[in-house]
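Student: Quick mapping for you: the protein sequence lines, in order, are chains A and B.
Adding 14 to a residue's 1-based position in the first sequence gives its number in this note's numbering.
Adding 3 to a residue's 1-based position in the second sequence gives its number in this note's numbering.
Hints should not be assumed to be uniformly reliable.
[Stated by the list, open to error] So the derived label-pair ranges between C-beta atoms look like this:
no. : chain 1 : residue 1 : chain 2 : residue 2 : range
1   : B       : 118       : A       : 84        : 46 to 52 Å
2   : A       : 84        : B       : 18        : 45 to 51 Å
3   : A       : 36        : B       : 118       : 37 to 43 Å
4   : B       : 44        : A       : 36        : 17 to 23 Å
5   : A       : 29        : B       : 31        : 40 to 46 Å
6   : A       : 85        : B       : 81        : 41 to 47 Å
7   : A       : 95        : B       : 63        : 44 to 50 Å
Simulated from the structure, these hints should not be mistaken for laboratory data.
In this text, all values refer to a predicted model and were calculated from it rather than measured experimentally.
From the three backbone atoms N, C-alpha and C, an ideal C-beta is built for every residue, glycine too.
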Amino acid sequence: DAGVIQSPRHEVTEMGQEVTLRCKPISGHDYLFWYRQTMMRGLELLIYFNNNVPIDDSGMPEDRFSAKMPNASFSTLKIQPSEPRDSAVYFCASSLGRTSNTEAFFGQGTRLTVV
Amino acid sequence: DQQVKQNSPSLSVQEGRISILNCDYTNSMFDYFLWYKKYPAEGPTFLISISSIKDKNEDGRFTVFLNKSAKHLSLHIVPSQPGDSAVYFCAASSHGSGNTGKLIFGQGTTLQVKP
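Isolated chain A, as found in the complex (with noise of 0.2 Å):
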């Protein structure tokens, strides 16, 4: 298995825009993750699904954050408006939940500059 697969590697965008991140979970795992990367708060949970549906949003920080896992081979996070203060590093991980042992892999993250 190639592992998690995240798309793109870089995003640079202007504020105001839109940005959709993507993830590719390892093929199997029941359990999906975003997280963000950040200087205060290390790796922050944002939201994670459990076959394909949210179970906690409660790290989304704002409105302008969705996220969705259409099907289980695939989740976006989306930010709408983007603002300056979203440049962070994005990663997804996923997971056999259920296991004893909950270890996550990560994708490599998507780097979010937003000017």
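Use these hints to put chain B onto chain A, whose structure you have.
Tutor: Positioned in the frame of chain A, the structure of chain B alone reads:
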């Protein structure tokens, strides 16, 4: 509200010496703890974990210690090698009755091992 805290942003040690990275948590429901390692421009990768029923887990040069009464865990690397230089994240999860698989991360500690 940071449930998992890594109070040392950085640590520098000499090659061959021991590296000790610390992590504190506030949620007594956490029952599984993990350490992740992150190199620049890559996603975090799983390093070692420990269940709350244990107080120590060892894997080669890496040992994780858990002190439940103090809500504290630590990662020991001995001997430290220059290739260990990376950001280390502590993470915790609560299985409970639902086994959510939700991982909460700390802010990270940047380890530099000097040759």
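Student: Of all the hints given earlier, name the ones this structure violates by number, lowest first.
Tutor: Hint check: nothing fails, all pass.
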